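> Each chain, letter by letter, is given below.
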Amino acid sequence: MFAVRNALRLGSRLFIPAVTRRGCAGAAIPIDDVVNGLTEEQIQLRQTVRKFFVEKLAPHADEIDKKNEFPGMRDFWIEMGTMGLLGVTAPVECGGTGLGYLDHIIVMEELSRVSAAVGLSYGAHSNLCVNQLVRHANEKQKEKYMTKLLTGEHVGALAMSEPNAGSDVVSMKLRAKKEGDYYVLNGNKFWITNGPDADVLIVYAKTDPEAYQKGITAFIVEKGTPGFSTAQKLDKLGMRGSSTCELIFEDCKIPAENILGPLNKGVYVMMSGLDLERLVLASGPIGIMQAVLDAAIPYLHVREAFGQKIGHFQLMQGKMADMYTRLSACRQYLYSVARACDRGHFSAKDCAGVILYCAENATQVALDGIQCLGGNGYINDYPLGRFLRDAKLYEIGAGTSEVRGDHQKTASGLLWMIKVIHTHKALLYKRTCHQGF
Amino acid sequence: MSGRVLVGVKRVIDYAVKIRVKPDNTGVVTDGVKHSMNPFCEIAVEEAVKLKEKKLIKEVVAVSCGPQQSQETIRTALAMGADRGIHVDVSGKDYENLGPLQVSKILAALAKQEDAQLILLGKQAIDDDCNQTGQMTAALLDWPQGTFASEVSLEGDKINLVREIDGGLEHIKINTPAVITADLRLNTPRYATLPNIMKAKKKKIVTVKPADLGVDVTSRLEVLKVEEPPQRQAGRV
Numbered sequence: 001m002f003a004v005r006n007a008l009r010l011g012s013r014l015f016i017p018a019v020t021r022r023g024c025a026g027a028a029i030p031i032d033d034v035v036n037g038l039t040e041e042q043i044q045l046r047q048t049v050r051k052f053f054v055e056k057l058a059p060h061a062d063e064i065d066k067k068n069e070f071p072g073m074r075d076f077w078i079e080m081g082t083m084g085l086l087g088v089t090a091p092v093e094c095g096g097t098g099l100g101y102l103d104h105i106i107v108m109e110e111l112s113r114v115s116a117a118v119g120l121s122y123g124a125h126s127n128l129c130v131n132q133l134v135r136h137a138n139e140k141q142k143e144k145y146m147t148k149l150l151t152g153e154h155v156g157a158l159a160m161s162e163p164n165a166g167s168d169v170v171s172m173k174l175r176a177k178k179e180g181d182y183y184v185l186n187g188n189k190f191w192i193t194n195g196p197d198a199d200v201l202i203v204y205a206k207t208d209p210e211a212y213q214k215g216i217t218a219f220i221v222e223k224g225t226p227g228f229s230t231a232q233k234l235d236k237l238g239m240r241g242s243s244t245c246e247l248i249f250e251d252c253k254i255p256a257e258n259i260l261g262p263l264n265k266g267v268y269v270m271m272s273g274l275d276l277e278r279l280v281l282a283s284g285p286i287g288i289m290q291a292v293l294d295a296a297i298p299y300l301h302v303r304e305a306f307g308q309k310i311g312h313f314q315l316m317q318g319k320m321a322d323m324y325t326r327l328s329a330c331r332q333y334l335y336s337v338a339r340a341c342d343r344g345h346f347s348a349k350d351c352a353g354v355i356l357y358c359a360e361n362a363t364q365v366a367l368d369g370i371q372c373l374g375g376n377g378y379i380n381d382y383p384l385g386r387f388l389r390d391a392k393l394y395e396i397g398a399g400t401s402e403v404r405g406d407h408q409k410t411a412s413g414l415l416w417m418i419k420v421i422h423t424h425k426a427l428l429y430k431r432t433c434h435q436g437f
Numbered sequence: 001m002s003g004r005v006l007v008g009v010k011r012v013i014d015y016a017v018k019i020r021v022k023p024d025n026t027g028v029v030t031d032g033v034k035h036s037m038n039p040f041c042e043i044a045v046e047e048a049v050k051l052k053e054k055k056l057i058k059e060v061v062a063v064s065c066g067p068q069q070s071q072e073t074i075r076t077a078l079a080m081g082a083d084r085g086i087h088v089d090v091s092g093k094d095y096e097n098l099g100p101l102q103v104s105k106i107l108a109a110l111a112k113q114e115d116a117q118l119i120l121l122g123k124q125a126i127d128d129d130c131n132q133t134g135q136m137t138a139a140l141l142d143w144p145q146g147t148f149a150s151e152v153s154l155e156g157d158k159i160n161l162v163r164e165i166d167g168g169l170e171h172i173k174i175n176t177p178a179v180i181t182a183d184l185r186l187n188t189p190r191y192a193t194l195p196n197i198m199k200a201k202k203k204k205i206v207t208v209k210p211a212d213l214g215v216d217v218t219s220r221l222e223v224l225k226v227e228e229p230p231q232r233q234a235g236r237v
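Sequences listed follow chains C and E, in order.
Under the UniProt record's numbering, the residue at position 204 of the first sequence is numbered 204, and the numbers go up by one with no gaps.
Under the UniProt record's numbering, the residue at position 201 of the second sequence is numbered 201, and the numbers go up by one with no gaps.
Keep in mind that the hints were calculated from the coordinates and are not lab data.
Please note that the accuracy of each hint is not assured.
To be verified - Keeping only pairs whose Cα atoms sit at most 25 Å apart, straight-line, the calculated SDA-like set for lysine to any residue is:
| hint | chain 1 | residue 1 | chain 2 | residue 2 |
| --- | --- | --- | --- | --- |
| 1 | C | K51 | E | P39 |
| 2 | E | K22 | C | E304 |
| 3 | C | K51 | E | H87 |
| 4 | E | K202 | C | G98 |
| 5 | C | K56 | E | I13 |
| 6 | E | K18 | C | L300 |
| 7 | C | K51 | E | D83 |
| 8 | E | K34 | C | P255 |
| 9 | C | K56 | E | T188 |
| 10 | C | K178 | C | G98 |
| 11 | C | K214 | C | P255 |
Stated by the list, open to error - These stretches of chain C come out as covered by chain E in the derived footprint (C-beta under 8 Å, 3 or more residues):
| hint | segment |
| --- | --- |
| 12 | 45 to 52 |
| 13 | 83 to 91 |
Small disclaimer: the values here were computed from a predicted structure and weren't measured.
Glycine residues also receive a C-beta, built at the ideal position from the N, C-alpha and C atoms.
Please put together the full structure from these sequences, using the hints given.
This is the structure:
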């Protein structure tokens, strides 16, 4: 309490160091990519996308968060499409860039560094939707859907979570009944990132409710299909600007040719996709942690108290060291797992471990960042509050931390893969979490 | 007019970095500091690539003088659309003392070696603000110069240029071969797209030494002291 009062007293609104403001916007803490083991091309990739995002997106990041909407989203998507950013892992033959998961991670990390909310929408589009199509769509489906998703004309999304099936997603209730050449979908999906905007959605439904996990099938659904509608956009604590909503299916007829992957084998599509989802999305918390450093460290070198720069106080130096080392450790873990995936070695345990570790550290680093700025960290003139609110999501989406831990501790095999249950990206804090109070 | 364009690109400390003077006052801290391509050089590269896209020139060659890291700058130019790169390797003390006179001698030698029709440079570098290299290069080659260009158009074997000068805008017509230096409003440099970065990997960068070009890089200038500007004092009302 005393610390808070002290901080609020020191962080008087009258003193907002001008250098810090400039520092928050453009100057950044350099990233040592040689230590990170990146190739020269990857270093150049980071520099290029960083420049692009700082110039095109950074000026709007705060407003996107404030208003909970991104008015320039469709134009930005097309610009990203031109840059080749929407299909980083898609093969060149499909119109993608043909790079690896580590490259995709670098792009998403730099995007989240500028705006974690847009980063989340980007991740949902480029990994959850596009990458799943790359891995499971047949030629006809690729031809029909990939091009516009890669150019940015279409926005993609993925729907697995339901109002009563978040972490326990295999218990989903959305029913898909076969009727001739069609499947009729009835039910709801909830927590769907990009839901309001998406033109193409991958939707998981129960084709055989009796078979539990062996009765799930993935479908490709187009916006505008009769019987498919979206409901209200959710008002979230963080990731504001990444639109999230409920999907409603009322006798929605989807052609059988839109089944993604084999019938009733959707759980395999889902689970293996989830590993990669966790891997790529773990770059979100890394980007947020980097943004916290970018904002906090320059401030510590400028802000004065008791006759010296507060960055000279040992406790503040300790805090800086902790923040930096947490970020570095998380980054090495993530990059190592990503490199293994790029070599064809997929470890479900480590993908879950990576996002568990990165997410929890990001929340902690964001809290430290606010503390570094004292009272100034508590007002929305500075982005630190946004960083914390955005970071918190990553402990919940793609499987709440508690569940991911469970994944870690149980034995290997398909059995525990099915035990591992995960929520999807979107998130609502107004409702009480089904885990606890 | 068809042929080869030489574009000079300089690796400088990034514009957003807070500059710090070295404790021994011999210069500024460059170790571990973020570097990038000089913004005016980016504009020059963009103009060269645009001319190539309009099929008015055949080849864009990016040139940079400096240590090994200058190759990153050349690669950025390649990713923007340049065809190949020449890295003139200057490092250590020689690099610290490298100035416009030596660079212009190097560029003049390269222009003759590569049979260039046009040299495009940024008007000045944001680290030393010299604004001399373009002019000196033109003088050494005895070529016409169009500096502070805000508009460039080729007309046969002549160039129409609009220069931004103190008094306003000056319209001139110069012969080729020529040296042009780019000013801010000449164009908006493109972002290197991922596919172009991938393509740039296959493009060649050749390394040469100044001695190979017959250029002596010893400096005629000696830096005595570098210090921060005096702290701003409070004003009086």
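> Next, verify each hint and record whether it holds.
Taking the hints in turn, this is what the structure says about them:
Between C/K51 and E/P39, the direct Cα distance comes to roughly 12 Å. Compliance with the 25 Å bound is thereby established for this hinted pair. Note on E/K22 and C/E304: the hinted pairing holds, with a Cα-Cα distance of about 23 Å set against a maximum of 25 Å. Restraint check: the Cα-Cα separation between C/K51 and E/H87 comes to about 24 Å, which is no more than 25 Å; the hinted pair holds. For the hint linking E/K202 to C/G98, the alpha-carbon distance of about 16 Å falls within 25 Å, and the restraint holds.
Annotation: proposed proximity of C/K56 to E/I13 holds, straight-line Cα distance about 22 Å (limit 25 Å). About 14 Å separates the Cα atoms of E/K18 and C/L300, which keeps this hinted pair within 25 Å; it holds. Under the criterion of a C-alpha separation no larger than 25 Å, the hint pairing C/K51 with E/D83 is consistent with the structure, at around 22 Å. For the suggested pair E/K34 and C/P255, the alpha carbons sit about 53 Å apart, so the restraint of at most 25 Å is broken.
For the hint linking C/K56 to E/T188, the alpha-carbon distance of about 13 Å falls within 25 Å, and the restraint holds. The straight-line distance between the Cα atoms of C/K178 and C/G98 is roughly 36 Å, outside the 25 Å bound, and the hint therefore fails. Restraint check for C/K214 and C/P255: the C-alpha separation of about 21 Å stays at or below 25 Å, so the hint holds. Restraint check on the segment 45 to 52 of chain C versus chain E: 5 residues with Cβ-Cβ distances below 8 Å, three needed, restraint holds.
Coverage of the segment 83 to 91 of chain C by chain E holds in this model, with 4 residues showing a Cβ closer than 8 Å to a Cβ of that chain against a need of three.
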